Structures are given as structure tokens and as C-alpha cells.
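Model the full assembly from the supplied sequences, consistent with the hints where possible.
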Amino acid sequence: IINFSSSANDKGLILHTTVTIGYDVPWNKVHELLISAANETEYILKDPKPFVLQTSLDDFYVSYELNAYTNEPGKMAQIYSQMHSKIQDKFNEAGVEIMSPHYGAMRDGNQTTIPENYLPKTYEPPAFKIFGVNVFGNLKKSEE
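In my numbering, each residue's number is its place in the sequence shown (first place is 1) plus 130.
Read the hints as simulated data drawn from the structure, not as lab findings.
Please read all numbers here as calculations on a predicted model, not as lab measurements.
Don't take every hint at face value.
[What the hints assert, rightly or not] Below, computed lysine-lysine pairings styled on DSSO-like, alpha-carbon distance capped at 30 Å: (1) K220 x K251; (2) K176 x K141; (3) K141 x K216; (4) K220 x K159; (5) K251 x K176; (6) K216 x K205; (7) K141 x K159; (8) K251 x K216; (9) K141 x K179; (10) K176 x K220; (11) K220 x K141; (12) K251 x K205; (13) K159 x K179; (14) K216 x K176; (15) K205 x K220; (16) K216 x K179; (17) K176 x K159.
[What the hints assert, rightly or not] Label pairs and their computed distance ranges (CB to CB): (18) W157 x P178: 17 to 25 Å; (19) D140 x P256: 49 to 57 Å; (20) T185 x K141: 16 to 24 Å; (21) E246 x F190: 21 to 29 Å.
Quick reminder that beta carbons are idealized off the backbone N, C-alpha and C, glycines included.
See the structure below:
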């Protein structure tokens with residue numbers, strides 16, 4: 131019989147959180163940002179090192195799980211709160227949109243979810259594109 135809970139005394143308690151990121155962002159960049167956020171979070175241990183698991187490949191995004199250890203289980207709520215703040219800051223600074231919670235509406239791609247104070251002062255949203263569709267769902271000849 132192996133008592134896995136006893137390893138918490140040696141390694142610490144593992145905390146984990148999940149974010150979903152679009153396929154347009156390289157997975158190694160996501161890993162880098164998540165681990166950086168964990169390393170800057172108070173009460174997260176440097177050893178064992180934080181690590182990231184890719185837990186699912188969904189239709190529009192990849193689910194990434196950040197795992198990090200602490201020896202302060204009584205401060206778990208504060209640790210999670212600070213870690214989530216650090217994750218948001220790191221992703222916003224890198225210009226990477228977090229796709230959770232899931233979008234339930236159509237996006238035209240013009241607006242970003244990244245707060246204005248993280249965007250370059252010269253940021254311009256991309257141009258809006260409209261395509262005509264005939265009754266059979268194909269592009270009209272004039273727009274091909």
C-alpha cells in the first residue's frame with residue numbers, strides 16, 4: 131500500500147489551475163508564461179519545480195494545467211488568488227488572450243480581450259472583413 135498523501139510532507143502540497151488558450155499560440159510559449167507566473171507567486175516552492183500539463187485538445191483551444199507546490203496549505207486561497215493574478219498579467223503582457231471562460235457569442239476578431247493598458251499605444255484593431263454568400267453557402271464570384 132502506498133500512502134500518496136504522505137508525500138505532501140516531503141514535497142509540499144501541489145496546487146493546480148487550468149487555462150484554455152487558442153491554437154494560434156505556440157504551446158512552449160504558454161508553458162513559459164505559466165511557469166513564470168508560478169515562480170513569481172509568493173509561497174510557491176522553487177523545488178520541486180512548477181510544471182505544465184496539456185490536458186485536452188478541444189475544438190478551439192488547448193487546455194493547460196499549471197501545477198506548483200507549496201508548503202503553506204493554510205494560505206491556499208491567497209496563493210491561488212495571487213497565482214491567477216500573475217497568470218493574467220503574464221499573458222496580457224505577452225499579448226496572449228486567455229480563452230476561458232469560453233466564448234458563447236460570435237466574435238468578428240476586431241476587439242481583443244486584453245486590457246487597453248497592456249496594448250501598445252499605437253494598437254489598431256484589425257480591419258473587419260465581410261464576405262457575401264450565395265444561397266448555396268459559396269462565396270459570390272465577385273469576391274473570390
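Each hint tested on the structure:
1. Distance hint between K220 and K251 is fulfilled; the C-alpha atoms sit about 18 Å from each other, no more than 30 Å.
2. Taking the CA atoms of K176 and K141, the gap is about 11 Å. The hint holds against a cut of 30 Å.
3. A C-alpha spacing of about 23 Å is found between K141 and K216, which places the hinted pair at or below 30 Å, so the restraint holds.
4. For the hint pairing K220 with K159, the CA-to-CA distance comes to about 11 Å; that is within 30 Å, so the pair holds.
5. With a C-alpha separation of about 36 Å, the suggested pair K251 and K176 falls outside the 30 Å cut-off, and the hint is violated.
6. A C-alpha spacing of about 16 Å is found between K216 and K205, which places the hinted pair at or below 30 Å, so the restraint holds.
7. The suggested pairing of K141 with K159 holds, with an alpha-carbon distance near 27 Å, which does not exceed 30 Å.
8. Proximity of K251 to K216 is assessed by CA-CA distance (about 22 Å); at most 30 Å being required, the pair is judged to hold.
9. For the hint pairing K141 with K179, the CA-to-CA distance comes to about 10 Å; that is within 30 Å, so the pair holds.
10. Of the pairs offered as hints, the one joining K176 and K220 holds, with about 18 Å between alpha carbons and a cut-off of 30 Å not exceeded.
11. About 26 Å separates the Cα atoms of K220 and K141, which keeps this hinted pair within 30 Å; it holds.
12. Simply put, K251 and K205 have alpha-carbon atoms about 38 Å apart, too far for the 30 Å limit, and the pair is violated.
13. Restraint check: the Cα-Cα separation between K159 and K179 comes to about 17 Å, which is no more than 30 Å; the hinted pair holds.
14. Proposed proximity of K216 and K176 is supported: the alpha carbons are some 16 Å apart, at most 30 Å.
15. As the CA atoms of K205 and K220 are separated by approximately 22 Å, the hinted pair is consistent with the 30 Å bound.
16. Taking the CA atoms of K216 and K179, the gap is near 17 Å; set against the 30 Å cutoff, the hint holds.
17. A hinted pair counts as satisfied when its Cα atoms are at most 30 Å apart, and K176 with K159 qualifies at roughly 20 Å.
18. Take W157 and P178: their Cβ atoms lie about 21 Å apart, and the range 17 to 25 Å holds.
19. For D140 and P256, the Cβ-Cβ distance of about 51 Å falls inside the hinted range of 49 to 57 Å, so the restraint holds.
20. About 21 Å separates the C-beta atoms of T185 and K141, a value consistent with the hinted range of 16 to 24 Å.
21. Our hint of 21 to 29 Å for E246 and F190 holds, since their Cβ atoms are close to 25 Å apart.
Of the hints listed earlier, those the structure fails to meet are numbers 5, 12, in rising order.
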